[in-house]
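Put chain L on the given structure of chain B with help from the hints.
The primary structure of each chain is shown beneath.
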Amino acid sequence: MSARAASAAVAVIGLGIAGYLTAVHFAGGTPACAVAHGCATVQQSKYAELAGVPVALLGLLGYAGVLASLARDGESARTVTAFLSLAGFGFSGWLTYVEVARLDAICSWCVASAVCMTLLAVLSVARAGL
Amino acid sequence: MLTSRNRRLLAAAALAAVVVAVAAVTSSSGGQPAATIAKSTLFRGIPEQHGVLGDPRAPVTVTEYVDLQCPVCAAAARETLPTLVRDYVRTGKAKLDVRTLSFIGPDSQRAARFAAGAAEQGRLWPFLEAFYASQGQENSGYVTDEHLRSVAAAAGVDAGTALEYADSAAAQEPLNRANADAQRLGIDSTPTFTVARGDAEPHVLPAHEARSVAAAIDAELGR
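Same order as they appear, the protein sequences are chains B and L.
Each residue of the first sequence is one higher than the last, beginning at 2 in my numbering.
Each residue of the second sequence is one higher than the last, beginning at 27 in my numbering.
Just chain B, same shape as in the assembly:
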């Protein structure tokens, strides 16, 4: 499998995860701070939004952008994929640090998305520069 195809597969998985988290964010339901499950704590924290925009939605847009950039195989498209993946990787790293060090709550869906972003960063850097 080429790096491009592998990236597309990972981005589709990430798109699904971010889509689920975005749906949860907007569906609401009865919010609560749960004893055993970190997702509610993370989603209710101030870090769940960036300048009023849900981070889950930012993730959704990020994965969609990665997928769109993978549609072409030129130098510019590869650079855009690398930029989006590295930005997503960095921001996912920041959010994982926040979960562990500041909120003391781990959201398994968020960790899964961070893994996707890490894979995308590795694949896109390999594709763009090596």
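Honestly, the hints are just simulated from the structure, not real lab data.
None of the values given here were measured: they were computed from a predicted structure.
Some hints could be false.
To be verified - Derived lysine to any residue pairs resembling SDA-like cross-links, with alpha carbons at most 25 Å apart: (1) LYS47/B <-> SER128/L; (2) LYS119/L <-> ALA43/L; (3) LYS47/B <-> ARG104/L; (4) LYS119/L <-> PRO85/L; (5) LYS47/B <-> ALA159/L.
What the hints assert, rightly or not - Just the calculated beta-carbon pair ranges, DEER-fashion: (6) ILE14/B <-> ALA101/L: 52 to 62 Å; (7) ASN32/L <-> VAL101/B: 28 to 38 Å; (8) ALA37/L <-> SER3/B: 40 to 50 Å; (9) ARG175/L <-> GLY53/B: 25 to 35 Å; (10) GLU76/B <-> THR52/L: 27 to 37 Å; (11) ASP74/B <-> SER238/L: 48 to 58 Å; (12) GLY53/B <-> GLY248/L: 24 to 34 Å; (13) SER194/L <-> ALA65/B: 53 to 63 Å; (14) GLY148/L <-> GLY53/B: 37 to 47 Å; (15) ALA10/B <-> GLU199/L: 16 to 26 Å; (16) ILE14/B <-> GLY148/L: 51 to 61 Å; (17) THR117/L <-> ALA102/B: 43 to 53 Å; (18) SER77/B <-> PRO232/L: 13 to 23 Å.
To be verified - What the simulated footprint calls covered on chain B by chain L, stretch by stretch (three residues with Cβ under 8 Å from a Cβ of chain L suffice, anywhere in the stretch; the number is not a length): (19) 95 to 104; (20) 119 to 130.
Even glycine gets a Cβ: it sits at the ideal position worked out from N, Cα and C.
Just chain L, lined up with the frame of chain B:
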């Protein structure tokens, strides 16, 4: 010598680093406790005994399970409690009790122990309201003695006495009771309300919006 590809990649990485740094700084901003805490009149004139707000003879007891660091509990204090107090507590139909859980972290525990001291002074509910109004970033260590003193001042609590109580062994008892009751009733999130008529076994409510709690109280009153 860098190739054109590598220069592009470096530029993308640098731009990504800038974007992430800006995002991290933006998401970190805010979240500090309120500098001044406004005094409230929500509970004015309502009797409080042993942490229970309202007429002790009220037929229905509403118990709220909270973690003082939980932002949803703060929202419930703003959005649910005023209706309950106005329509059910002030009218003598229900009394409000609370169980302070502390699963979010050490700040929750410190706040809950101080709350026990406020309860000893018959000022638990004003303290809870003032604490929620000054919630800081979870587990940031913001529940300092200084912070508790400012909350106590807004709530009419003698801070020195409450701090002394918070450091005593007795302050742990309400926390133990809250944990035991929550475990017994299968309560694993906050805020959770229970409703009971008299000494009957409480019903755990699935939602904490004012209309849901009001409906449950009405159902108990109609029995």
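Hint-by-hint comparison with the structure:
{"no.": "1", "hint": "LYS47/B <-> SER128/L", "in the structure": "20 Å, holds"}
{"no.": "2", "hint": "LYS119/L <-> ALA43/L", "in the structure": "59 Å, violated"}
{"no.": "3", "hint": "LYS47/B <-> ARG104/L", "in the structure": "18 Å, holds"}
{"no.": "4", "hint": "LYS119/L <-> PRO85/L", "in the structure": "6 Å, holds"}
{"no.": "5", "hint": "LYS47/B <-> ALA159/L", "in the structure": "15 Å, holds"}
{"no.": "6", "hint": "ILE14/B <-> ALA101/L: 52 to 62 Å", "in the structure": "33 Å, violated"}
{"no.": "7", "hint": "ASN32/L <-> VAL101/B: 28 to 38 Å", "in the structure": "33 Å, holds"}
{"no.": "8", "hint": "ALA37/L <-> SER3/B: 40 to 50 Å", "in the structure": "24 Å, violated"}
{"no.": "9", "hint": "ARG175/L <-> GLY53/B: 25 to 35 Å", "in the structure": "34 Å, holds"}
{"no.": "10", "hint": "GLU76/B <-> THR52/L: 27 to 37 Å", "in the structure": "31 Å, holds"}
{"no.": "11", "hint": "ASP74/B <-> SER238/L: 48 to 58 Å", "in the structure": "55 Å, holds"}
{"no.": "12", "hint": "GLY53/B <-> GLY248/L: 24 to 34 Å", "in the structure": "43 Å, violated"}
{"no.": "13", "hint": "SER194/L <-> ALA65/B: 53 to 63 Å", "in the structure": "57 Å, holds"}
{"no.": "14", "hint": "GLY148/L <-> GLY53/B: 37 to 47 Å", "in the structure": "41 Å, holds"}
{"no.": "15", "hint": "ALA10/B <-> GLU199/L: 16 to 26 Å", "in the structure": "56 Å, violated"}
{"no.": "16", "hint": "ILE14/B <-> GLY148/L: 51 to 61 Å", "in the structure": "56 Å, holds"}
{"no.": "17", "hint": "THR117/L <-> ALA102/B: 43 to 53 Å", "in the structure": "47 Å, holds"}
{"no.": "18", "hint": "SER77/B <-> PRO232/L: 13 to 23 Å", "in the structure": "53 Å, violated"}
{"no.": "19", "hint": "95 to 104", "in the structure": "holds (count 4)"}
{"no.": "20", "hint": "119 to 130", "in the structure": "holds (count 3)"}
Hint compliance for this structure: hints 2, 6, 8, 12, 15, 18 are broken, all remaining hints hold.
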